[in-house]
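**Q** Since chain A is already given, all that's left is putting chain B on it; use the hints.
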Amino acid sequence: MEKTLRTFKKGGIHPPERKEYTEDLPIEEMPLPSEVDILLLQHFGATCKALVKKKDEVQEGDIIGDVEKGLGACVHASVTGTVKAIGESVHPLMVSVPSITIERDPEAEEKQYKSVDWHGLSKEELLNRIKRAGIVGMGGAGFPTHVKLSPPEGKVDTLIINGAECEPYLTVDHRLMVEHPKEIVEGIKIILTILGIKKGYVGIEANKPDAIEEMSRAVKENSKGFDISVVPLKVKYPQGSEKQLIEAVTGRKVPAFGLPFDVGVIVQNIGTTKAIYESVVFNKPVVDKVVTFSGKGIVRPANLKVRIGTRVKDIVDYLGGTTPELRKVVVGGPMMGFAVSTLDFPITKTTSGVLFLTEEEIDLYEYKPCIRCGFCLEACPMGLQPNEIGIYVEAGKLEETTQFGVFECFECGCCAYVCPSKRPLVQFIRIAKMKAKR
Amino acid sequence: MEKTTTFENHLLTVSVSPHIKSPVTVEKIMWTVVACLIPPLIMATAIFGIRVLIITLISVISCVLTEAISEKALGRPITIKDGSAVITGILLAYVIPPGVPYYLPILGAVMAIFVTKHLFGGLGANIFNPALIGRAFLMATFPVAMTSAWIVPKYLKHSADALSSATPLFIVKHYGIQALIQKYGSLSYIYKNFFVGIRPGCIGETSAFLLLLGGLYLIYKGYIKWYIPVSMIGTIAFLTWIFGGEHLFEGNPLVAILSGGVMLGAFFMATDYATSPNYKTGQLIYGAGIGALTVLIRLKGGYPEGVCYAILLMNGFTPALDSWFKPERFAPPKGEKK
Numbered sequence: 001m002e003k004t005l006r007t008f009k010k011g012g013i014h015p016p017e018r019k020e021y022t023e024d025l026p027i028e029e030m031p032l033p034s035e036v037d038i039l040l041l042q043h044f045g046a047t048c049k050a051l052v053k054k055k056d057e058v059q060e061g062d063i064i065g066d067v068e069k070g071l072g073a074c075v076h077a078s079v080t081g082t083v084k085a086i087g088e089s090v091h092p093l094m095v096s097v098p099s100i101t102i103e104r105d106p107e108a109e110e111k112q113y114k115s116v117d118w119h120g121l122s123k124e125e126l127l128n129r130i131k132r133a134g135i136v137g138m139g140g141a142g143f144p145t146h147v148k149l150s151p152p153e154g155k156v157d158t159l160i161i162n163g164a165e166c167e168p169y170l171t172v173d174h175r176l177m178v179e180h181p182k183e184i185v186e187g188i189k190i191i192l193t194i195l196g197i198k199k200g201y202v203g204i205e206a207n208k209p210d211a212i213e214e215m216s217r218a219v220k221e222n223s224k225g226f227d228i229s230v231v232p233l234k235v236k237y238p239q240g241s242e243k244q245l246i247e248a249v250t251g252r253k254v255p256a257f258g259l260p261f262d263v264g265v266i267v268q269n270i271g272t273t274k275a276i277y278e279s280v281v282f283n284k285p286v287v288d289k290v291v292t293f294s295g296k297g298i299v300r301p302a303n304l305k306v307r308i309g310t311r312v313k314d315i316v317d318y319l320g321g322t323t324p325e326l327r328k329v330v331v332g333g334p335m336m337g338f339a340v341s342t343l344d345f346p347i348t349k350t351t352s353g354v355l356f357l358t359e360e361e362i363d364l365y366e367y368k369p370c371i372r373c374g375f376c377l378e379a380c381p382m383g384l385q386p387n388e389i390g391i392y393v394e395a396g397k398l399e400e401t402t403q404f405g406v407f408e409c410f411e412c413g414c415c416a417y418v419c420p421s422k423r424p425l426v427q428f429i430r431i432a433k434m435k436a437k438r
Numbered sequence: 001m002e003k004t005t006t007f008e009n010h011l012l013t014v015s016v017s018p019h020i021k022s023p024v025t026v027e028k029i030m031w032t033v034v035a036c037l038i039p040p041l042i043m044a045t046a047i048f049g050i051r052v053l054i055i056t057l058i059s060v061i062s063c064v065l066t067e068a069i070s071e072k073a074l075g076r077p078i079t080i081k082d083g084s085a086v087i088t089g090i091l092l093a094y095v096i097p098p099g100v101p102y103y104l105p106i107l108g109a110v111m112a113i114f115v116t117k118h119l120f121g122g123l124g125a126n127i128f129n130p131a132l133i134g135r136a137f138l139m140a141t142f143p144v145a146m147t148s149a150w151i152v153p154k155y156l157k158h159s160a161d162a163l164s165s166a167t168p169l170f171i172v173k174h175y176g177i178q179a180l181i182q183k184y185g186s187l188s189y190i191y192k193n194f195f196v197g198i199r200p201g202c203i204g205e206t207s208a209f210l211l212l213l214g215g216l217y218l219i220y221k222g223y224i225k226w227y228i229p230v231s232m233i234g235t236i237a238f239l240t241w242i243f244g245g246e247h248l249f250e251g252n253p254l255v256a257i258l259s260g261g262v263m264l265g266a267f268f269m270a271t272d273y274a275t276s277p278n279y280k281t282g283q284l285i286y287g288a289g290i291g292a293l294t295v296l297i298r299l300k301g302g303y304p305e306g307v308c309y310a311i312l313l314m315n316g317f318t319p320a321l322d323s324w325f326k327p328e329r330f331a332p333p334k335g336e337k338k
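Here the protein sequences line up with chains A and B, keeping their order.
Using my numbering, count along the first sequence one by one with no gaps and you end on 438.
Using my numbering, count along the second sequence one by one with no gaps and you end on 338.
Keep in mind the hints are simulated off the structure, nothing from the lab.
Being a predicted model, the structure only gives us computed values, none of them experimental.
Fair warning: there could be bad hints in the mix.
What the hints assert, rightly or not - Here are the simulated DSSO-like pairs of lysine-lysine, each with C-alpha atoms no more than 30 Å apart in a straight line:
1) A:K19 to B:K221
2) A:K305 to A:K10
3) A:K9 to B:K225
4) A:K10 to B:K157
5) A:K9 to B:K28
6) B:K334 to B:K280
7) A:K433 to A:K69
8) B:K173 to A:K234
Said to hold, decoys possible - Label pairs and their in silico Cβ distance ranges:
9) A:D262 to B:V14: 33 to 41 Å
10) B:A162 to A:E394: 26 to 34 Å
11) B:A73 to A:F338: 40 to 48 Å
12) A:E394 to B:A68: 19 to 27 Å
13) A:D24 to B:A68: 50 to 58 Å
14) A:E360 to B:S323: 34 to 42 Å
The beta carbon of each residue, even a glycine, is placed where N, CA and C say it ideally should be.
Bound-form chain A, shown alone (with noise of 0.2 Å):
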């Protein structure tokens, strides 16, 4: 290991970590629920058209939505049986969106997947396979990822796999790594095979020693004809984001606006890396996920391994439900994620954690003026200034608050934490974003 462990440079926080609830909990597999609600429109890009109609027979796998023309994924059924209804379903994010309900069929058999030798296979034909597997990035943004991995021809030099999960309370991406790090340095050989490089290195934080360990190993045994490293990285708040992460594995910086390849990186989160070997190897589509369910909210907190679709109220009740001191439920981490009011909205492809957070672990702090202590200026990693955009906004000088940066805000909450008097500078930016013009 180094001596020194590698980090991005500016600003940056040390939120508390709060793994400590499922980081040693090995992933666990939740019976099938009787009912799934399949979102047609689960991240970022276009919405899906429903392929399938209402009393049909589905079997797991099966592509029942797929985008017409346009960014987008096709999504699967998750479990075998009949669809019930095509409607509405409630998004975390997008308050409601068209959706596909099967009710699973009790007495179907389980879907058996074959593996196949994938190095004969040409770089289209793997293309294809992540393609019709419906994989998206699961990180959060849910970008689809066949079209990430074709970037224009020559312009990538290194793929990163973003192992640094530096969100406090999720733990998914650290049991995958601690579990099948085989599969995972599988789904690192693929990704380099299709872009037609050789270097790749998985960034993980210190604070997984474990997972360090055991992706050295797979690494090690496994990535014969390619120049695969694990990088240890320091603990610290965004390292995972994506230009964070790159300046801090390679030095380079992503250009404002810019986009990873334009310093000739990829960057691929680790389960979306294990869910592109599935997709190759086994010709399995995204019709799972492992989640974390975490905070003192829930009865048991647990890394589950659900089917995309599951509605989380079925999973409370397998985790035994809440405590009474229930206060707020957040989907994602508690840096980044979004407030929900309801527990009836389903897994999609993009969720990593839900987290139940009683009263003392978040703040319900009132919010004071600006004091002009800087501190926000510290912390926030793209060197923006979080708090004369807060006082434009009050102001109402929206417009203006393009000069302090706002566009270049990728939202991580570094300012807003550190903030003694509580300003919810995070929403102050979303708010700069509607009306200021870049």
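**A** Showing chain B alone in chain A's frame:
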């Protein structure tokens, strides 16, 4: 900006991320600063007598009352519990001589809190340091008391004469550093006692050691950065060394930083959030500016001490320094060179 909904007997709170926040609050910072200012008060009470404790209490109570009345009158939420008016009260008392009449801090408090703080927009919005405007106001309205109400500290050995209670800076300015050494016996005696805090001066400024201790604790906690204190103290020492003696490079930098309001000003006044630049390059220049102006006033100006006016003058430059020296962006847009 939070909403609550009910879900099976739970009140679920919904708000924009982040959902966790640092435990550091405005109140925590302010009350920590208050705690760091208490040891110098104990020292002052020991050397100047109980009256300095009474002056400080009067000043604090006046500031808190003025804050409450100002906020009530201006229709703002009452924020006297946040500790900020208490800090202003303590600092105001710390920058006036120990022998002034008891009603003086009351007038200073009204000037500091009502005029300087609240008429300029309240916490975080004021341009000038309230406690220092309070002092400047008293200097203008009660010049005799503010420049002569000194008390000879207990435990100080010195030759008794007309200059017994005069501040070291007054002696240095008018009679030279040799007069000061003569008065107290030796340079090492001066260093030792000034460092501990046994010397004539304003109520809270005498103990370099205790002020340094409090300042270092605030830096350790991350509540203030070292940039302003270090650049300010460093500049005063450097410029005094060059210009402070009879010839160039003969000045005494240690006496310069151990006397007057340097330590108090550097750690507790120049670092005031609202009135100082909020990013490091600006802070370094701001500190150096205060240092240079302090030396200029001490050596060439009409007063023996210049920290107060130096800080107030640099307060006026804060908005400019903030707009000139912004944080460096992560990376410029494509095609643009840095």
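**Q** Would you mind marking each hint as holding or not holding in the structure?
**A** Going down the list of hints, with the structure as the test:
Among the hinted pairs, K19 of chain A with K221 of chain B is consistent with the structure: their alpha-carbon atoms are about 25 Å apart, no more than 30 Å. Of the pairs offered as hints, the one joining K305 of chain A and K10 of chain A is violated, with about 36 Å between alpha carbons and a cut-off of 30 Å exceeded. Under the criterion of a C-alpha separation no larger than 30 Å, the hint pairing K9 of chain A with K225 of chain B is consistent with the structure, at around 18 Å. Between the alpha carbons of K10 of chain A and K157 of chain B the distance comes to roughly 53 Å, so the proposed pair goes past 30 Å and is violated.
Our distance criterion of 30 Å between C-alpha atoms is met by K9 of chain A and K28 of chain B, whose separation comes to about 28 Å. For the suggested pair K334 of chain B and K280 of chain B, the alpha carbons sit about 27 Å apart, so the restraint of at most 30 Å is met. This hinted pair checks out: K433 of chain A and K69 of chain A have alpha carbons roughly 28 Å apart, not beyond 30 Å. For the proposed pair K173 of chain B and K234 of chain A, the alpha carbon gap of about 54 Å is over 30 Å, so the pair is violated.
For the pair D262 of chain A and V14 of chain B, the beta carbons lie near 37 Å from each other, so the given range of 33 to 41 Å is met. The hinted range of 26 to 34 Å is not satisfied by A162 of chain B and E394 of chain A, whose Cβ atoms lie roughly 58 Å apart. Checked against the given bound of 40 to 48 Å, the beta carbons of A73 of chain B and F338 of chain A, roughly 42 Å apart, stay inside it. Hint check: E394 of chain A to A68 of chain B, Cβ distance near 24 Å, so the stated range 19 to 27 Å holds.
Between D24 of chain A and A68 of chain B, the C-beta spacing of about 53 Å keeps the proposed range 50 to 58 Å intact. For the hinted restraint 34 to 42 Å between E360 of chain A and S323 of chain B, the CB-CB distance of approximately 41 Å keeps it satisfied.
Violated hints, in rising order: 2, 4, 8 and 10; the structure is consistent with all others.
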